[in-house]
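J.: Each chain is listed here by its residues.
4 protein chains.
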Amino acid sequence: MFKSEVKIRVRYAETDKMGYCYYGNYATYFEVARVEALRGLGLSYRKMEDEGFVMPVLEFKIKYYKPAYYDDELTIETTIPNLPQTRIFFTYKTFNQEGVLLNEAETTLVFVDKNTMRPTQPPKEFINKLIPFYKEDV
Amino acid sequence: MFKSEVKIRVRYAETDKMGYCYYGNYATYFEVARVEALRGLGLSYRKMEDEGFVMPVLEFKIKYYKPAYYDDELTIETTIPNLPQTRIFFTYKTFNQEGVLLNEAETTLVFVDKNTMRPTQPPKEFINKLIPFYKEDV
Amino acid sequence: MFKSEVKIRVRYAETDKMGYCYYGNYATYFEVARVEALRGLGLSYRKMEDEGFVMPVLEFKIKYYKPAYYDDELTIETTIPNLPQTRIFFTYKTFNQEGVLLNEAETTLVFVDKNTMRPTQPPKEFINKLIPFYKEDV
Amino acid sequence: MFKSEVKIRVRYAETDKMGYCYYGNYATYFEVARVEALRGLGLSYRKMEDEGFVMPVLEFKIKYYKPAYYDDELTIETTIPNLPQTRIFFTYKTFNQEGVLLNEAETTLVFVDKNTMRPTQPPKEFINKLIPFYKEDV
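These protein sequence lines map, in sequence, to chains D, V, G and H.
For the first sequence, position 125 (counting from the first letter as 1) is numbered 125 according to our numbering, and the numbering increases by one without interruption.
With positions in the second sequence counted from 1, the corresponding number in our numbering is that position plus 1000.
With positions in the third sequence counted from 1, the corresponding number in our numbering is that position plus 2000.
With positions in the fourth sequence counted from 1, the corresponding number in our numbering is that position plus 3000.
Derived by calculation from the structure, the hints in this document are not laboratory data.
Predicted model only: the values in this text are computed from it and were never measured.
Don't be surprised by glycine CBs; every beta carbon is placed ideally from N, CA and C.
Just so you know, not all the hints are guaranteed correct.
[To be verified] FRET-style restraints, in silico, Cβ to Cβ:
no.: 1; chain 1: H; residue 1: 3091; chain 2: V; residue 2: 1005; range: 42 to 50 Å
no.: 2; chain 1: H; residue 1: 3063; chain 2: G; residue 2: 2085; range: 16 to 24 Å
no.: 3; chain 1: H; residue 1: 3097; chain 2: V; residue 2: 1128; range: 57 to 65 Å
no.: 4; chain 1: H; residue 1: 3019; chain 2: V; residue 2: 1091; range: 28 to 36 Å
no.: 5; chain 1: H; residue 1: 3019; chain 2: D; residue 2: 65; range: 32 to 40 Å
no.: 6; chain 1: H; residue 1: 3082; chain 2: D; residue 2: 127; range: 34 to 42 Å
no.: 7; chain 1: G; residue 1: 2125; chain 2: D; residue 2: 101; range: 50 to 58 Å
no.: 8; chain 1: V; residue 1: 1125; chain 2: D; residue 2: 97; range: 33 to 41 Å
no.: 9; chain 1: D; residue 1: 127; chain 2: V; residue 2: 1005; range: 40 to 48 Å
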């Protein structure tokens, strides 16, 4: 199972008048977390797009337990529980600098061929980088 | 059952390099939809906050069927399926100007007393405005 | 001289922990104001882009006098002081619902041909719609 | 003269349909740059707010030379040209990973006492940390 961690600091722009990190910002944070997870595997999402793939989000769910505050340094733990096929599933846990779990989320994305705009298998390089993490599962 | 509709136009700032309305913007759109739904009832969320209530989001789920594009005029249909207690549940459907259903979502929020920061019953005025829509259910 | 007005309500997402509308949101508001100004002239910026023009911003200046707050209904007064050539200049004044001037800003944009990515003259339709507002100046 | 550098990677959420980093995001980037500049001095903006100071922006100017693109790793060079008094002036230069200058900007902020909401002198600690960088100028 592939796991990755990324740190994101809450910007002033991302706070709201309640003093919380606005609940809508996590979608952006998880996008950053996904991209950095791929980068950790040696994969560039930017290059994937340049090579003709896009990965729109099909589904997003999040449960908020505690708010994050301005300047908090969040750790987002990203997991890809299964080897992806046309669809790829990610789960996320957000912790603050005290180690408190702030929220848990999941997203489903789909690999799409930019030319046909139809679902497609993930790039070979993508699967090859992930396979070692799922050996025991196969 | 209380239903409300609000129109939101996709801003340039809200598009992404795929040409889509970025998937994370809907959380903001639904917040606008909630506030306008309340305004349609004669309730001001701003005033509610001034009077000591805040309504953080506990849970958010969304399924994306089709993207919205720049300058699309979206219609968001907001429903409060049940008379709220400490928690209030909203469902949303987003349509584009051709009437195509783009996504469906739901949020759970909680009424919180700003002084104690503990869950609380909704303001009386809030419930009184909503009750007529749920008479048959009672 | 062409003038236009648009109303924009401050969203919760756009507030910050100071309780203000975050200073960076005005760039987005002015983009909306520009697009609505063009729409008022019978011009669609979306259609212009589809037809091969883009209008990146070259310069942006803003002076903040007073903050806007959550749920404020702002009026943005947009002016095109001169008939545009390759560059187009806009000025903006933002007022709140009490008529208080909150800020003044200006932007310079350039018409760019999407294929060559080089500066170009504005579309004929664009100039034709604007000319009547500058007759005396010619 | 105090100078500082911070790296910021362009998020997918921050791109627009032109494929550029949206022009309005730089206000947020410069806020991050300011806060990290202060952190580099051993100062926490968060703590300053907790201790009763806020620093609203009075003026913001930016000239855009070249766009940034998705996943670009930008370097923002922040300078405080003069020892601040009630007002503090920052200048910024944004470079991409190829060292190309993308834009130049400046902001004026004011120290405000949170209780009175009136302009005030900067906190002593703030000035003490900065003084060594301006010795020759005095």
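J.: Hints first: check each against the structure and report whether it holds.
T.: Right, here's what the structure says about each hint:
1. For the pair residue 3091/H and residue 1005/V, the beta carbons lie near 47 Å from each other, so the given range of 42 to 50 Å is met.
2. A hinted range of 16 to 24 Å holds for the C-beta pair residue 3063/H and residue 2085/G, which are about 19 Å apart.
3. Between residue 3097/H and residue 1128/V the beta carbon distance is about 59 Å. The supplied range of 57 to 65 Å therefore holds.
4. In this structure, residue 3019/H and residue 1091/V meet the distance hint of 28 to 36 Å, their C-beta atoms being roughly 35 Å apart.
5. Our hint of 32 to 40 Å for residue 3019/H and residue 65/D holds, since their Cβ atoms are close to 37 Å apart.
6. Against the hinted window of 34 to 42 Å, the Cβ-Cβ separation of residue 3082/H and residue 127/D comes to about 56 Å, which falls outside the hint.
7. Checked against the given bound of 50 to 58 Å, the beta carbons of residue 2125/G and residue 101/D, roughly 56 Å apart, stay inside it.
8. At about 40 Å, the CB distance of residue 1125/V to residue 97/D agrees with the hint of 33 to 41 Å.
9. Between residue 127/D and residue 1005/V the C-beta distance comes to about 44 Å, which sits within the given range of 40 to 48 Å.
Taken one by one, the earlier hints fail for this structure only at number 6.
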